[in-house]
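These protein sequences, in sequence, are chains A and B.
The first sequence maps to residues 1 to 236 in our numbering.
The second sequence maps to residues 237 to 562 in our numbering.
These aren't lab readings, by the way, just hints derived from the structure by calculation.
The reader is advised that the hints may include incorrect statements.
Cross-link-like lysine to aspartate or glutamate pairs, in silico, DMTMM-like; alpha carbons within 20 Å at most [unchecked claim]:
id, chain 1, residue 1, chain 2, residue 2
1, A, Lys46, A, Glu123
2, A, Lys136, B, Glu464
3, A, Lys46, B, Glu464
So these bits of chain B aren't anywhere near chain A, every CB distance computed over 12 Å [said to hold, decoys possible]:
id, residue
4, His266
5, Ile267
6, Gln269
7, Val305
8, Thr329
9, Ile430
10, Ile437
11, Gly472
12, Val502
13, Ile512
14, Ser526
15, Lys554
Note that the Cβ used here is the ideal one computed from N, Cα and C, for glycine as well.
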Amino acid sequence: MIKFANVSKTYSGGQIALQKVNFEVKAGEMAFLTGHSGAGKSTILKLISLMERPSVGEVFINGHDLNQLRRKDIPYVRRDIGMIFQSHQLLMDRTVFDNVALPLVIEGYSRKHIVRRVSAALELVGLRNKQELSPKTLSGGEQQRVGIARAIVNNPPLLLADEPTGNLDPKLSLEIFHLFEQLNNRGMSIFIATHDLGLIARMKHRTLTLNQGRMIEDALQEDMFGVTTKLPGDMR
Amino acid sequence: MSLLFHGRETTPKVRKQSLWQRIRGGFTNHIRQILASLGELWRTPLASIMTIAVLGLSITLPSTLYILVKNSSQVTAGWGQAGEISLYLKEQTTLEQANGTLLSVRLMTEIADVELITAEQALLDFEAQSGLTNTLSYLDENPLPHVLVVTPKREHLAPTAAEHLLERLERLTHVDFGKLDIEWLKRLTAILSIASDIVWIIALLLCISVVLIIGNTIRLNILNQREEIIVMKLVGATDNFIRFPFLYTGIWYGLLGGLMAWFLVVFILWWIQSGIEALAELYQADFVLSGLDLTALTVILGLAVMLGLLGSYISVQKHIKEIEPK
Ligand SMILES: Nc1ncnc2c1ncn2[C@@H]1O[C@H](COP(=O)(O)OP(=O)(O)OP(=O)(O)O)[C@@H](O)[C@H]1O
Ligand SMILES: [Mg+2]
Numbered sequence: 001m002i003k004f005a006n007v008s009k010t011y012s013g014g015q016i017a018l019q020k021v022n023f024e025v026k027a028g029e030m031a032f033l034t035g036h037s038g039a040g041k042s043t044i045l046k047l048i049s050l051m052e053r054p055s056v057g058e059v060f061i062n063g064h065d066l067n068q069l070r071r072k073d074i075p076y077v078r079r080d081i082g083m084i085f086q087s088h089q090l091l092m093d094r095t096v097f098d099n100v101a102l103p104l105v106i107e108g109y110s111r112k113h114i115v116r117r118v119s120a121a122l123e124l125v126g127l128r129n130k131q132e133l134s135p136k137t138l139s140g141g142e143q144q145r146v147g148i149a150r151a152i153v154n155n156p157p158l159l160l161a162d163e164p165t166g167n168l169d170p171k172l173s174l175e176i177f178h179l180f181e182q183l184n185n186r187g188m189s190i191f192i193a194t195h196d197l198g199l200i201a202r203m204k205h206r207t208l209t210l211n212q213g214r215m216i217e218d219a220l221q222e223d224m225f226g227v228t229t230k231l232p233g234d235m236r
Numbered sequence: 237m238s239l240l241f242h243g244r245e246t247t248p249k250v251r252k253q254s255l256w257q258r259i260r261g262g263f264t265n266h267i268r269q270i271l272a273s274l275g276e277l278w279r280t281p282l283a284s285i286m287t288i289a290v291l292g293l294s295i296t297l298p299s300t301l302y303i304l305v306k307n308s309s310q311v312t313a314g315w316g317q318a319g320e321i322s323l324y325l326k327e328q329t330t331l332e333q334a335n336g337t338l339l340s341v342r343l344m345t346e347i348a349d350v351e352l353i354t355a356e357q358a359l360l361d362f363e364a365q366s367g368l369t370n371t372l373s374y375l376d377e378n379p380l381p382h383v384l385v386v387t388p389k390r391e392h393l394a395p396t397a398a399e400h401l402l403e404r405l406e407r408l409t410h411v412d413f414g415k416l417d418i419e420w421l422k423r424l425t426a427i428l429s430i431a432s433d434i435v436w437i438i439a440l441l442l443c444i445s446v447v448l449i450i451g452n453t454i455r456l457n458i459l460n461q462r463e464e465i466i467v468m469k470l471v472g473a474t475d476n477f478i479r480f481p482f483l484y485t486g487i488w489y490g491l492l493g494g495l496m497a498w499f500l501v502v503f504i505l506w507w508i509q510s511g512i513e514a515l516a517e518l519y520q521a522d523f524v525l526s527g528l529d530l531t532a533l534t535v536i537l538g539l540a541v542m543l544g545l546l547g548s549y550i551s552v553q554k555h556i557k558e559i560e561p562k
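With the hints as extra help, turn the sequences into a complete structure.
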């Protein structure tokens, strides 16, 4: 699903964000990406969602070499990636419903289909009753959930999340993570950048750790006591 | 939950929409965007009205002038066709000689019609028109000459051709001189042609400024919606999807501005109609202002829409690509 081959990223200002990163996330997998602030987590997600291009190396999404992708195909690749952003990226002058509906509207679905899907997505994040409100009037956590609903509304094969629980209380964070697990159980590949180590520890999933732009660990989180087991090399 | 996963492929892969899905989706989107862009104008009524007014007024001026110039050339063309040459015969010419000249003129191929107005008849006409009766009794003799009123064929009515014909007629034996009142016609034609050039230049300049104004308005719209454009690109909107609402906005500006121009032109022409008719009456022409037909409406609307579209197209081409999520 996602494959990074020897990827380095240096921003135009000269900041080195990633150095020779190699990893692979298989279809149907759920994996965490963690590391200190500034380690390069967001950069990895931006490379996947085509907001940035690698300076060196290749990024593959579903076998597509993103370096080879023509500009006009970018939107179609993005439609298959649900993205949840650190900053929610909601349209404040539209209702919650319209925000969530956006990916479907862009694909030109019928109104009926849109209403059904948006309602289901909002139901899932518990905001069904707020669909006519503006995101402005919602709390940070609620806005985050609107973003989640929008990311999953067209049922993408891959879901990316950058600090999806940054603004949520622990209980809600756990709920959201369980939601991700549910989605994963239905076959959605999920890749979450977070530094909420407590939450990662509670969930037994593969965790990739970055430090200063280098991938330093790729391990399966075995239990809640911080004991990690390195994955065999062929699973990386 | 289950609904949300309805229709998902078992092996997730990058889905490309089929051609049919793209066409259908594209069509739905266009209808939505056409209506949405109109709604967008409605949301900022004042700004929209100003832009539409600029467009409407800019088109009104050249349209009105154009219709006026076109009408005057039609009228003068009509005058040219009614043009006659008056041949004044020499003083001593007898009635027989006059009739002889009449015959030889009638034989010329360039001539459509010729009529002899004898000196006596001319005097009677003069008396009737002036109200002075028995003029002859005060005069020793009739001072008026016989006159041949010559109507050339249509193709000899253009100013130069008519002048050539006049020269030939003047060489006839009993003809004293001929009169073709053509100078003023030539002058008028020249003035009208200059006027029409000026109208075209004004129209061109105004059209350019309309394109620039619309372009700038659309540019501001695009910049205002920067955040929105970024979010839409992030969730997979194509450049075209983002582009079209702005193009439709341009078209709406054009359409509404064009309608406004049409109504203004109708109003202005109605306003000056009576003045023009009074003027035309001075030249004893039956004159009805024409040009306000369906063709003119189509041309005005078409032009306005083209300008709106062009302005927005230039803006959209330039600015939408530049806005990329970072
Ligand atoms: N647009 C940019 N231009 C220049 N440098 C950048 C840009 N974005 C990120 N960087 C730099 O790249 C490095 C990695 O940033 P990144 O945002 O990927 O970190 P992160 O792991 O997501 O951090 P955080 O946990 O704080 O979100 C940082 O040193 C940052 O300064
Ligand atoms: Mg980050």
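Structure-based check of all given hints:
1. A/Lys46 - A/Glu123: violated, 28 Å
2. A/Lys136 - B/Glu464: holds, 15 Å
3. A/Lys46 - B/Glu464: Since the Cα atoms of lysine 46 of chain A and glutamate 464 of chain B sit roughly 18 Å apart, the hinted pair holds (cutoff 20 Å).
4. His266: Since the minimum Cβ distance to chain A is about 9 Å, histidine 266 of chain B lies within 12 Å and the statement is violated.
5. Ile267: violated, 10 Å
6. Gln269: Violated, because the least Cβ-Cβ distance between glutamine 269 of chain B and chain A comes to about 10 Å, which does not exceed 12 Å.
7. Val305: The assertion about valine 305 of chain B holds, with a minimum of 48 Å to chain A.
8. Thr329: holds, 89 Å
9. Ile430: holds, 51 Å
10. Ile437: Per Cβ check, isoleucine 437 of chain B is outside 12 Å of chain A; nearest 41 Å; holds.
11. Gly472: With a cut-off of 12 Å, glycine 472 of chain B comes too close to chain A, as the shortest Cβ separation is near 4 Å.
12. Val502: With a cut-off of 12 Å, valine 502 of chain B remains clear of chain A, as the shortest Cβ separation is near 39 Å.
13. Ile512: Its Cβ never comes within 12 Å of chain A, the nearest being 52 Å, so this holds.
14. Ser526: holds, 48 Å
15. Lys554: Non-interface label stands for lysine 554 of chain B: nearest chain A Cβ at 16 Å, farther than 12 Å.
The structure fails hints 1, 4, 5, 6, 11 (numbered hints given earlier, in ascending order).
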